[in-house]
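> Those letters in the sequence shown? Residues 1128 to 1466, per this note's numbering, in order.
Be careful, since some hints might not be right.
Stated by the list, open to error - Listed next, the in silico DSSO-like pairs over lysine-lysine satisfying Cα-Cα at most 27 Å (straight line):
1) Lys-1274 to Lys-1258
2) Lys-1139 to Lys-1374
3) Lys-1205 to Lys-1417
4) Lys-1298 to Lys-1417
5) Lys-1141 to Lys-1453
6) Lys-1409 to Lys-1453
7) Lys-1274 to Lys-1141
8) Lys-1417 to Lys-1374
9) Lys-1355 to Lys-1261
10) Lys-1417 to Lys-1460
11) Lys-1141 to Lys-1355
12) Lys-1262 to Lys-1298
13) Lys-1205 to Lys-1261
14) Lys-1265 to Lys-1205
15) Lys-1205 to Lys-1274
16) Lys-1298 to Lys-1374
No lab work stands behind these hints, which were simulated from the structure alone.
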Amino acid sequence: MNQKATSSSTSKPKSVAIACQGGGSHTAFTAGVLQVLLNELDTARYRIHGLSGTSGGALCAAIAWYGLLLNDGLQGAKLLESFWQDMSATELHDLMSNQFLVGLQRSRNFFATPELSPYLLPNTGQDVLAKTLKKHIKFNHLPDLVKADSPTLMVGAVNVLSGDFAIFNSKASHPESGISVDALLASAAVPELFRAVRIGNGLYWDGLFSQNPPIRGFLSGHGSRDAKPDEIWVIQINPETRSSEPKSASDIDDRRNELAGNLSLNQELFFVRQTNDWLHKKWLTADHLKHVEIRHIALEMELDYPSKLDRRPEFINSLLTEGRRKGSEFLGKLPKAKP
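Input sequences plus hints: build the corresponding full structure.
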(Lines of atoms letter the chains of each structure in order from A and count residues from 1; the text may use other names and numbers.)
(Lines give C-alpha, C1' and ligand atoms only; values in the text may rest on other atoms or scores of the structure.)
Protein backbone atom coordinates (compact mmCIF):
# COMPACT_ATOMS: atom_id res chain seq x y z
CA MET A 1 0.00 0.00 0.00
CA ASN A 2 1.01 3.60 -0.48
CA GLN A 3 0.99 6.55 1.89
CA LYS A 4 -2.44 7.08 3.40
CA ALA A 5 -4.59 10.18 3.17
CA THR A 6 -7.32 9.24 5.62
CA SER A 7 -7.57 12.08 8.12
CA SER A 8 -10.87 13.91 8.26
CA SER A 9 -9.16 17.09 9.43
CA THR A 10 -9.04 19.95 6.96
CA SER A 11 -6.03 21.58 8.63
CA LYS A 12 -2.75 21.89 6.79
CA PRO A 13 -0.54 18.78 7.25
CA LYS A 14 2.49 19.16 9.48
CA SER A 15 5.83 19.06 7.69
CA VAL A 16 8.33 16.50 8.96
CA ALA A 17 12.07 16.12 8.52
CA ILE A 18 13.38 12.59 9.05
CA ALA A 19 16.96 12.36 10.32
CA CYS A 20 18.71 8.98 10.02
CA GLN A 21 21.70 8.27 12.28
CA GLY A 22 24.56 6.18 10.91
CA GLY A 23 25.58 2.79 12.21
CA GLY A 24 26.63 0.30 9.55
CA SER A 25 24.50 -2.83 9.29
CA HIS A 26 22.38 -1.63 12.21
CA THR A 27 20.81 0.88 9.81
CA ALA A 28 18.83 -1.98 8.26
CA PHE A 29 16.59 -1.04 11.21
CA THR A 30 16.32 2.43 9.66
CA ALA A 31 15.24 0.89 6.37
CA GLY A 32 12.47 -1.00 8.13
CA VAL A 33 11.22 2.17 9.82
CA LEU A 34 11.29 4.10 6.54
CA GLN A 35 9.35 1.33 4.79
CA VAL A 36 6.49 1.87 7.22
CA LEU A 37 6.65 5.65 6.99
CA LEU A 38 6.61 5.54 3.18
CA ASN A 39 3.67 3.15 3.13
CA GLU A 40 1.52 4.11 6.09
CA LEU A 41 2.05 7.79 6.91
CA ASP A 42 -1.23 9.70 6.87
CA THR A 43 -0.38 12.41 4.34
CA ALA A 44 -3.44 14.42 5.31
CA ARG A 45 -1.75 14.94 8.69
CA TYR A 46 1.96 14.77 7.89
CA ARG A 47 4.06 15.69 4.87
CA ILE A 48 7.72 14.64 4.53
CA HIS A 49 9.62 17.90 4.20
CA GLY A 50 13.03 16.28 3.83
CA LEU A 51 15.42 13.57 4.94
CA SER A 52 18.98 13.58 6.17
CA GLY A 53 21.46 10.88 7.00
CA THR A 54 25.00 9.86 7.67
CA SER A 55 26.83 6.70 6.62
CA GLY A 56 24.34 3.79 6.49
CA GLY A 57 21.61 6.21 7.51
CA ALA A 58 22.43 8.32 4.47
CA LEU A 59 22.06 5.31 2.16
CA CYS A 60 18.62 4.51 3.59
CA ALA A 61 17.53 8.16 3.52
CA ALA A 62 18.64 8.51 -0.11
CA ILE A 63 16.66 5.48 -1.27
CA ALA A 64 13.54 6.63 0.61
CA TRP A 65 13.99 10.13 -0.86
CA TYR A 66 14.24 8.63 -4.34
CA GLY A 67 10.92 6.85 -3.75
CA LEU A 68 9.36 10.19 -2.79
CA LEU A 69 10.74 11.80 -5.96
CA LEU A 70 9.05 9.03 -7.94
CA ASN A 71 5.86 9.80 -5.99
CA ASP A 72 5.71 6.10 -5.18
CA GLY A 73 6.12 5.20 -1.52
CA LEU A 74 5.52 1.51 -2.23
CA GLN A 75 8.38 1.48 -4.74
CA GLY A 76 10.62 3.27 -2.24
CA ALA A 77 9.84 0.60 0.36
CA LYS A 78 10.60 -2.16 -2.15
CA LEU A 79 13.91 -0.52 -3.07
CA LEU A 80 14.93 -0.36 0.60
CA GLU A 81 14.17 -4.06 0.98
CA SER A 82 16.02 -4.94 -2.23
CA PHE A 83 19.05 -2.83 -1.30
CA TRP A 84 19.54 -4.60 2.02
CA GLN A 85 18.96 -8.02 0.52
CA ASP A 86 21.64 -7.21 -2.06
CA MET A 87 24.00 -5.98 0.68
CA SER A 88 23.51 -9.16 2.72
CA ALA A 89 26.24 -11.79 2.58
CA THR A 90 24.63 -14.69 0.73
CA GLU A 91 27.41 -16.25 -1.33
CA LEU A 92 29.75 -18.68 0.46
CA HIS A 93 32.86 -16.56 -0.05
CA ASP A 94 31.01 -13.46 1.19
CA LEU A 95 29.65 -15.28 4.23
CA MET A 96 33.15 -16.47 5.09
CA SER A 97 34.72 -13.02 4.71
CA ASN A 98 31.87 -11.52 6.76
CA GLN A 99 32.41 -14.06 9.53
CA PHE A 100 36.15 -13.41 9.48
CA LEU A 101 35.76 -9.62 9.66
CA VAL A 102 33.21 -9.67 12.48
CA GLY A 103 35.19 -12.32 14.35
CA LEU A 104 38.38 -10.31 13.95
CA GLN A 105 36.70 -7.26 15.48
CA ARG A 106 35.45 -9.31 18.42
CA SER A 107 38.92 -10.78 18.98
CA ARG A 108 40.69 -7.43 19.31
CA ASN A 109 40.14 -7.33 23.08
CA PHE A 110 41.82 -10.70 23.61
CA PHE A 111 44.91 -10.56 21.42
CA ALA A 112 46.66 -8.27 18.99
CA THR A 113 45.19 -8.37 15.50
CA PRO A 114 46.78 -7.09 12.31
CA GLU A 115 45.64 -3.71 11.03
CA LEU A 116 45.92 -3.01 7.32
CA SER A 117 45.30 0.24 5.51
CA PRO A 118 42.43 -0.03 2.98
CA TYR A 119 44.90 1.45 0.49
CA LEU A 120 46.85 -1.82 0.66
CA LEU A 121 43.77 -3.90 -0.19
CA PRO A 122 41.54 -4.14 -3.27
CA ASN A 123 38.75 -1.56 -3.33
CA THR A 124 36.15 -4.30 -3.85
CA GLY A 125 33.81 -3.35 -0.99
CA GLN A 126 33.43 0.25 -2.12
CA ASP A 127 33.01 -0.84 -5.75
CA VAL A 128 30.22 -3.27 -4.78
CA LEU A 129 28.49 -0.59 -2.72
CA ALA A 130 28.64 1.88 -5.64
CA LYS A 131 27.21 -0.71 -8.01
CA THR A 132 24.40 -1.56 -5.59
CA LEU A 133 23.51 2.11 -5.08
CA LYS A 134 23.38 2.71 -8.84
CA LYS A 135 21.06 -0.28 -9.18
CA HIS A 136 18.56 1.23 -6.74
CA ILE A 137 18.86 4.95 -7.52
CA LYS A 138 18.96 6.21 -11.11
CA PHE A 139 21.33 9.09 -10.42
CA ASN A 140 21.21 10.32 -14.02
CA HIS A 141 17.45 10.87 -13.63
CA LEU A 142 17.75 13.05 -10.52
CA PRO A 143 18.06 16.42 -12.33
CA ASP A 144 14.66 15.82 -13.96
CA LEU A 145 13.04 14.47 -10.79
CA VAL A 146 14.11 17.15 -8.29
CA LYS A 147 11.70 20.10 -8.35
CA ALA A 148 11.54 23.27 -6.30
CA ASP A 149 8.93 21.71 -3.99
CA SER A 150 10.58 18.28 -3.76
CA PRO A 151 11.69 17.00 -0.34
CA THR A 152 15.26 17.90 0.54
CA LEU A 153 17.98 15.32 1.09
CA MET A 154 21.07 16.17 3.15
CA VAL A 155 24.03 13.79 3.47
CA GLY A 156 26.83 14.30 5.99
CA ALA A 157 30.57 13.71 5.51
CA VAL A 158 33.85 15.27 6.64
CA ASN A 159 36.72 16.70 4.61
CA VAL A 160 39.73 14.59 5.63
CA LEU A 161 42.33 17.30 4.96
CA SER A 162 40.61 20.46 6.18
CA GLY A 163 38.49 18.88 8.93
CA ASP A 164 35.47 20.83 7.68
CA PHE A 165 32.03 19.29 7.98
CA ALA A 166 30.42 18.74 4.59
CA ILE A 167 26.74 18.55 3.73
CA PHE A 168 25.77 17.28 0.30
CA ASN A 169 22.35 18.76 -0.43
CA SER A 170 19.80 17.94 -3.12
CA LYS A 171 19.03 21.67 -3.40
CA ALA A 172 22.69 22.67 -3.84
CA SER A 173 23.42 24.99 -6.75
CA HIS A 174 26.85 23.45 -7.45
CA PRO A 175 26.94 19.85 -8.76
CA GLU A 176 29.87 18.90 -6.52
CA SER A 177 27.76 19.72 -3.46
CA GLY A 178 24.71 17.84 -4.70
CA ILE A 179 23.55 14.27 -4.33
CA SER A 180 25.60 11.72 -6.23
CA VAL A 181 26.81 8.18 -5.79
CA ASP A 182 30.19 9.63 -4.71
CA ALA A 183 28.48 11.77 -2.05
CA LEU A 184 26.84 8.66 -0.59
CA LEU A 185 30.11 6.72 -0.77
CA ALA A 186 31.87 9.59 1.00
CA SER A 187 29.32 9.57 3.82
CA ALA A 188 29.83 5.81 4.25
CA ALA A 189 33.64 5.81 3.90
CA VAL A 190 34.59 4.28 7.25
CA PRO A 191 38.37 4.90 7.23
CA GLU A 192 39.29 1.48 8.62
CA LEU A 193 37.45 -0.19 5.74
CA PHE A 194 37.26 2.21 2.80
CA ARG A 195 39.47 4.72 1.06
CA ALA A 196 38.59 8.41 1.24
CA VAL A 197 36.36 9.58 -1.61
CA ARG A 198 37.49 12.47 -3.79
CA ILE A 199 34.80 14.89 -4.97
CA GLY A 200 36.13 17.94 -6.81
CA ASN A 201 38.99 19.29 -4.72
CA GLY A 202 37.72 17.65 -1.53
CA LEU A 203 38.66 14.33 0.03
CA TYR A 204 35.98 12.85 2.29
CA TRP A 205 35.51 10.33 5.06
CA ASP A 206 32.52 8.93 6.88
CA GLY A 207 29.92 11.40 8.14
CA LEU A 208 30.12 9.87 11.62
CA PHE A 209 32.95 12.37 12.14
CA SER A 210 30.70 15.34 11.38
CA GLN A 211 26.95 15.62 11.89
CA ASN A 212 25.39 12.29 12.69
CA PRO A 213 22.95 13.03 11.13
CA PRO A 214 22.61 16.61 9.76
CA ILE A 215 19.70 18.41 11.42
CA ARG A 216 20.52 22.11 11.76
CA GLY A 217 20.47 22.48 7.98
CA PHE A 218 16.70 22.07 8.06
CA LEU A 219 16.37 25.13 10.31
CA SER A 220 19.31 27.47 9.70
CA GLY A 221 19.16 30.54 7.51
CA HIS A 222 16.58 33.26 7.23
CA GLY A 223 13.97 31.42 5.21
CA SER A 224 10.29 31.71 6.05
CA ARG A 225 8.63 29.69 8.82
CA ASP A 226 6.98 27.54 6.17
CA ALA A 227 10.42 26.65 4.77
CA LYS A 228 11.23 24.90 8.07
CA PRO A 229 9.74 21.60 9.27
CA ASP A 230 7.20 21.49 12.07
CA GLU A 231 8.69 18.30 13.45
CA ILE A 232 11.95 16.35 13.29
CA TRP A 233 11.77 12.56 13.58
CA VAL A 234 15.12 11.03 14.54
CA ILE A 235 15.75 7.39 13.67
CA GLN A 236 18.40 6.66 16.28
CA ILE A 237 20.75 3.68 16.07
CA ASN A 238 23.05 4.20 19.06
CA PRO A 239 21.27 3.81 22.42
CA GLU A 240 21.36 6.71 24.86
CA THR A 241 21.32 4.43 27.90
CA ARG A 242 22.63 1.02 28.90
CA SER A 243 21.13 -1.34 31.49
CA SER A 244 24.39 -2.18 33.27
CA GLU A 245 27.90 -0.86 33.86
CA PRO A 246 30.33 -1.85 31.09
CA LYS A 247 33.25 -3.65 32.74
CA SER A 248 34.83 -5.95 30.18
CA ALA A 249 37.11 -4.45 27.55
CA SER A 250 34.62 -5.28 24.78
CA ASP A 251 31.67 -3.76 26.68
CA ILE A 252 33.69 -0.60 27.34
CA ASP A 253 34.56 -0.33 23.65
CA ASP A 254 30.92 -0.85 22.68
CA ARG A 255 29.68 1.84 25.05
CA ARG A 256 32.42 4.28 24.01
CA ASN A 257 31.42 3.79 20.37
CA GLU A 258 27.76 4.44 21.20
CA LEU A 259 28.52 7.62 23.13
CA ALA A 260 30.81 8.89 20.38
CA GLY A 261 28.11 8.21 17.78
CA ASN A 262 25.55 10.14 19.82
CA LEU A 263 27.80 13.12 20.55
CA SER A 264 27.17 15.00 17.30
CA LEU A 265 23.50 13.95 17.26
CA ASN A 266 22.95 15.48 20.69
CA GLN A 267 24.78 18.64 19.63
CA GLU A 268 22.47 18.93 16.63
CA LEU A 269 19.39 18.41 18.81
CA PHE A 270 20.68 20.85 21.44
CA PHE A 271 20.52 23.57 18.78
CA VAL A 272 16.84 22.78 18.18
CA ARG A 273 15.94 22.48 21.87
CA GLN A 274 17.78 25.69 22.74
CA THR A 275 15.90 27.58 20.04
CA ASN A 276 12.60 26.11 21.25
CA ASP A 277 13.38 27.15 24.83
CA TRP A 278 14.33 30.70 23.87
CA LEU A 279 11.19 31.03 21.76
CA HIS A 280 9.10 29.83 24.70
CA LYS A 281 10.77 32.42 26.96
CA LYS A 282 10.30 35.06 24.25
CA TRP A 283 14.03 35.69 24.14
CA LEU A 284 13.77 35.12 20.39
CA THR A 285 11.03 36.85 18.46
CA ALA A 286 12.11 36.69 14.81
CA ASP A 287 9.20 35.88 12.52
CA HIS A 288 11.13 33.22 10.60
CA LEU A 289 11.70 31.09 13.73
CA LYS A 290 9.24 28.57 15.16
CA HIS A 291 8.98 25.76 17.68
CA VAL A 292 10.01 22.41 16.20
CA GLU A 293 8.85 19.19 17.87
CA ILE A 294 11.45 16.39 18.20
CA ARG A 295 10.40 12.73 18.20
CA HIS A 296 12.60 9.62 18.37
CA ILE A 297 12.33 6.18 16.81
CA ALA A 298 15.09 4.25 18.53
CA LEU A 299 16.74 0.89 18.00
CA GLU A 300 16.56 -0.58 21.50
CA MET A 301 18.31 -3.91 20.90
CA GLU A 302 21.60 -4.11 22.83
CA LEU A 303 24.13 -4.93 20.11
CA ASP A 304 27.91 -4.82 20.12
CA TYR A 305 30.03 -2.67 17.82
CA PRO A 306 31.34 -5.55 15.64
CA SER A 307 27.76 -6.39 14.68
CA LYS A 308 27.66 -3.08 12.78
CA LEU A 309 29.81 -4.95 10.25
CA ASP A 310 27.65 -8.09 10.25
CA ARG A 311 25.84 -8.74 6.97
CA ARG A 312 24.42 -12.19 7.67
CA PRO A 313 20.95 -12.37 6.03
CA GLU A 314 19.23 -13.51 9.24
CA PHE A 315 20.73 -10.57 11.16
CA ILE A 316 19.81 -8.02 8.47
CA ASN A 317 16.27 -9.41 8.26
CA SER A 318 15.85 -9.25 12.04
CA LEU A 319 16.76 -5.56 11.97
CA LEU A 320 14.40 -4.85 9.06
CA THR A 321 11.60 -6.59 10.95
CA GLU A 322 12.34 -4.68 14.16
CA GLY A 323 12.38 -1.42 12.20
CA ARG A 324 8.97 -2.14 10.71
CA ARG A 325 7.64 -3.01 14.16
CA LYS A 326 8.98 0.17 15.74
CA GLY A 327 7.79 2.26 12.78
CA SER A 328 4.23 0.97 13.14
CA GLU A 329 4.39 1.47 16.91
CA PHE A 330 5.60 5.04 16.39
CA LEU A 331 2.80 5.94 13.98
CA GLY A 332 0.26 4.44 16.36
CA LYS A 333 1.46 6.69 19.21
CA LEU A 334 1.37 9.97 17.25
CA PRO A 335 -1.15 12.50 18.56
CA LYS A 336 -4.57 11.94 17.08
CA ALA A 337 -5.97 14.45 14.63
CA LYS A 338 -8.36 16.96 16.15
CA PRO A 339 -11.93 16.65 14.83
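> Which of the stated hints cannot be reconciled with the structure, identified by number in ascending sequence?
2, 3, 6, 8, 9, 16
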